[in-house]
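Visitor: Mapping to numbering that gives the first Met the number 0: the sequence shown position 513 is 512, numbers consecutive.
Please keep in mind that the hints were generated in silico from the structure rather than gathered at the bench. Among these hints, one or two may not hold up.
Cross-link-like lysine-lysine pairs, in silico, DSS-like; alpha carbons within 30 Å at most [what the hints assert, rightly or not]:
no.	residue 1	residue 2
1	LYS63	LYS89
2	LYS89	LYS285
3	LYS630	LYS641
Just the calculated beta-carbon pair ranges, DEER-fashion [as the list claims (entries may be wrong)]:
no.	residue 1	residue 2	range
4	ALA157	GLY812	29 to 37 Å
5	ASP163	ALA35	46 to 54 Å
6	GLN39	ALA648	46 to 54 Å
7	GLU638	ASP443	25 to 33 Å
The beta-carbon is built from N, C-alpha and C at its ideal position, and this holds for glycine as well.
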Amino acid sequence: MSVATVALPAPLVLVPGMSLDERLRQRAGTSAGLPADVLQIVTDLNRMEGGAPAHISPASDRFKASLLVHTRTYRLRLEVTRRGTGYFVKTIDPLRLADHARLARSCLLLRPPAWHMVLDLTAVPEGSDGQWQQIEDAWRDLGQVRAEQQGVAPPSDAQTEFLDTVDRLIDATEEITTREQRGAAPFPYQQRTATGGRRSTPQSMYEFQLVANESPASGDFVRVQGDEDARGRVTRAVGKYVTVRFDRPVSWERLPDRGALERTPNTVVHNKQRQAVAALRAQDTKNPGLLPALVEGRVRSVPDSPARPHQELDPEQLAAFRKALATQDILVVLGPPGTGKTRTITEMAHTSALTTAAGGGRVLITSHTNRAVDNALARLPRDLVVVRVGDEGNVHADVKPLLLEEQRESLSQEIRSAMTARAQAYREAEAATPWTAELDTRLDRAEILARQEEAAAVRLRTVVQEAGAPARQTLAALCREEDEQAAEWQRLSERATWLQEKSRSDRRRADSWLLGWLYRSRLRRQEEERGALDARLRELAGVRPERRRRIEAARTAVDRAVDESPAVLSVRTARDTAERQLRTAVQAAYEAADMAVMALCAVLSEPTVPTRQLDPADAMATLRSLHGRLKEWLPLAAERSKLTEQWNAAIDEDPGQLVPELIRYAQVIGATCIGAASRAELAGVDFDLGIIDEAGQIGVADALVPLTRVRRGVLVGDDRQLPPFLDSEVAEWGRETGDPALLEMMSQSALERLRAGLPASHVVQLTRQRRMPTEIADFISATFYRNELVTEKEHRHTDPLFASPMAFVDTAGLPVRERRETAGRRAEERLGHKGAFNTCEARLLARLAAFYHRRGSEWVVIVPYRAQRAEVIRHLTPLIGDSQLAASSVGSVDSYQGGERDVVLYGFTRSNAQGRVGFLAELRRVNVAFTRAKSLLVMTGDLGTLLGADDPAFRSLADDLHRYLRDHGDVRDYRDVMSALDAAAPAPEGDRP
């Protein structure tokens with residue numbers, strides 16, 4: 000832990016916002032730990048004698064660079080005033096686990112002479128100083144100390160130059176990509192509606208009715224004209240109605256009745272990129288080896304790992320899996336189409352999440368596109384706790400249950416349901432209070448009856464003694480006589496036994512010649528004594544029966560005297576009554592105890608129904624002890640009841656409080672590269688492993704955003720497919736910037752850069768594809784992968800139209816007027832999209848799609864231009880009768896990267912005498928389109944134009960493709976295929992050429 004104390008020479012002055020105090024009062028009842036009002040803040044800060052823990056938060060799309068100051072229970076976000084004299088209090092939030100984790104890594108301890116608060120900026124004392132520069136310098140110095148403690152060397156010249164280039168790249172892309180948005184006209188609105196229906200509290204979503212039909216598109220960032228903070232994103236745009244989700248809740252009064260929405264550039268992406276670069280400069284990243292790996296290719300060795308996957312992997316997948324779990328900094332996994340990249344990713348995430356969970360590690364699965372993130376998350380096993388962070392409208396339906404908002408809502412519903420049941424249980428448990436009081440009353444009554452019963456028993460014993468006294472005296476005398484004679488009998492019997500043994504011994508010695516006379520004399524005396532003893536014993540035995548009879552008679556006399564005594568009868572009746580009353584009272588006390596315990600059992604685990612005791616004294620002791628415990632449990636139940644009500648109210652007031660807990664227990668989190676950094680819910684969350692899918696499409700600046708937040712990174716992708724920017728875009732931007740280093744970085748993905756720079760030990764190549772038939776895969780392998788792609792798929796071709804899984808329908812034999820493209824302004828005027836379209840090809844693609852649709856195949860139409868997409872949809876919709884399916888199944892190359900279908904129908908579109916192919920010359924787009932097919936790839940195009948293309952690389956590819964198709968594929972004439980389709984299902988009259 001790195002800590003630096005900053006002794007400031009002057010007090011720090013805080014200025015709360017106008018509505019902060021009211022918001023604070025509203026939240027204080029539902030959010031534990033918050034101060035009661037804004038004045039409490041300075042009291043709490045001034046009590047922190049050792050200093051207030053703080054750190055600096057970089058600028059974001061919501062806040063300027065901020066000072067995060069922590070008390071013992073809450074956190075303040077402070078922004079320095081324009082003149083630097085004090086700080087605005089922007090937010091106050093309860094401390095979360097992420098805050099503790101962040102402070103445990105490093106923090107400043109701010110120790111000003113005092114903290115002050117004024118309620119208005121004009122009230123800041125003259126000469127006040129926020130001392131922001133001193134604090135900022137201390138934070139920077141602390142970062143350097145922390146880097147030294149971790150053994151991280153300061154950035155080298157090459158690393159600094161790299162970061163400078165990335166900064167220029169961010170500036171350039173922001174300028175170029177937001178130029179159109181900055182110059183767009185506003186959209187006036189005439190009415191606004193709160194979608195939540197409530198106007199009393201600030202809302203996040205509003206619907207605006209525009210004046211004109213022209214509206215911003217769904218996904219555009221807009222703001223209310225004249226209010227820079229009222230900024231959000233269009234979530235729905237239908238006709239004149241536009242729904243906007245604002246970044247922060249906006250009050251009804253803040254929005255003008257009539258106003259305008261204006262497009263605003265999305266600076267979130269570029270801000271997050273700049274923050275990532277700043278973190279690398281400050282050496283404040285989770286992975287200290289990231290910068291050396293990116294710039295110099297310096298990495299630590301990958302130790303061997305014995306980890307075993309949950310699913311079977313091929314040798315290359317297994318190598319990638321084990322290296323991903325063991326890498327200490329960064330790894331690249333190259334996966335051509337169909338080689339099981341997603342399977343490998345899910346195994347990496349699954350095993351890593353389970354093995355690192357004990358240490359608090361999490362896995363981040365991220366990519367440039369939502370679709371790639373969703374593909375990986377959808378295949379994760381259900382034994383993992385997975386959270387998807389993103390906008391609902393951009394998330395696939397299969398993954399929506401994993402959305403943070405969905406899980407928050409589901410959890411809040413569960414909590415509400417549980418808390419409602421719990422509250423009902425606590426209301427029912429309130430019955431324990433009167434029953435506990437009743438138990439006390441009944442025990443008091445039982446104790447009184449116990450004393451009365453004891454007194455009656457004593458009286459009875461006395462009366463019984465008095466009633467049978469004469470007869471009892473006689474009985475006592477007889478009993479004494481019986482005891483005396485019994486003692487005498489015992490004594491004489493023992494003497495007789497001894498004499499018998501003695502005589503037996505003396506008799507053996509009586510014949511002795513020397514002392515025989517002595518033993519004979521003793522025998523005579525013994526026999527005389529034994530005779531007397533026997534006589535007495537017979538006498539005692541003779542009188543015993545009579546004495547026994549007299550004793551029994553005396554006992555009968557005693558019992559008769561007692562039984563016939565009126566006094567004894569009266570007292571015994573009183574005693575029996577007292578006994579019955581006592582047992583009844585004890586039973587009543589047990590019943591009260593049972594009711595009290597059963598009422599509490601639903602809310603407390605400790606109470607148990609008392610076991611019945613037969614003895615009233617034992618029973619009352621047990622019940623009195625239980626009563627004492629009940630008096631301890633009742634306040635506990637009451638406090639828990641209050642907490643239940645507060646929790647229920649807190650969930651109703653702000654379900655967002657559940658989000659930190661959902662994130663805390665998540666083992667895998669999925670988000671786009673920018674979403675992983677821009678979502679406040681993930682701020683301060685640590686990730687052990689970050690997996691970046693489709694990294695071949697991700698530029699260096701975008702990749703830095705997630706890589707600076709993870710301890711170890713794995714980039715998975717294919718550098719032979721779509722790049723971050725089209726070559727044509729790079730060339731155009733390069734002309735604008737005039738910066739060779741910038742141009743080089745623009746043209747490279749993060750994957751390409753790392754593949755070229757990392758040692759072979761940190762690059763794993765997957766080579767076994769199981770998606771495409773051999774006929775397609777062999778062409779792809781030879782054209783794009785140096786014949787390294789191995790096919791492990793058995794495919795039996797049974798298509799009724801084409802003789803090979805790889806087919807080409809040539810339109811070159813048609814008249815020029817039928818086959819030629821329409822491009823430029825005419826395309827935009829007709830279809831509303833730039834680019835080119837080709838009606839001849841669109842008609843054929845629509846017919847083919849309808850044919851395979853009727854056969855029940857999974858199919859997709861891929862075309863290079865949006866205008867051609869619209870043309871295909873126009874022809875396809877009446878053929879299949881489903882406009883939504885047509886729109887979702889016809890798309891561009893970009894929209895289907897990472898996907899797969901049984902049948903892929905690809906249209907080249909271009910048909911012109913000059914051989915112009917436009918951005919078809921980006922050959923990696925061909926790779927993407929062709930490799931989506933699992934069973935059949937059908938291409939349509941004008942071979943004359945393609946083979947005579949004005950781009951040499953594309954012309955070479957077209958020539959290779961043509962030769963390969965003649966040897967291994969099926970090249971067909973347009974008219975032949977249309978005739979076959981007519982025979983299978985005639986086209987509607989309006990769709991025939």
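Visitor: If a hint holds in the structure, say so; if it doesn't, say that too.
Guide: Right, here's what the structure says about each hint:
no.: 1; hint: LYS63 to LYS89; verdict: holds (10 Å)
no.: 2; hint: LYS89 to LYS285; verdict: holds (28 Å)
no.: 3; hint: LYS630 to LYS641; verdict: holds (18 Å)
no.: 4; hint: ALA157 to GLY812: 29 to 37 Å; verdict: violated (58 Å)
no.: 5; hint: ASP163 to ALA35: 46 to 54 Å; verdict: holds (49 Å)
no.: 6; hint: GLN39 to ALA648: 46 to 54 Å; verdict: violated (21 Å)
no.: 7; hint: GLU638 to ASP443: 25 to 33 Å; verdict: holds (28 Å)
Of the hints listed earlier, those the structure fails to meet are numbers 4, 6, in rising order.
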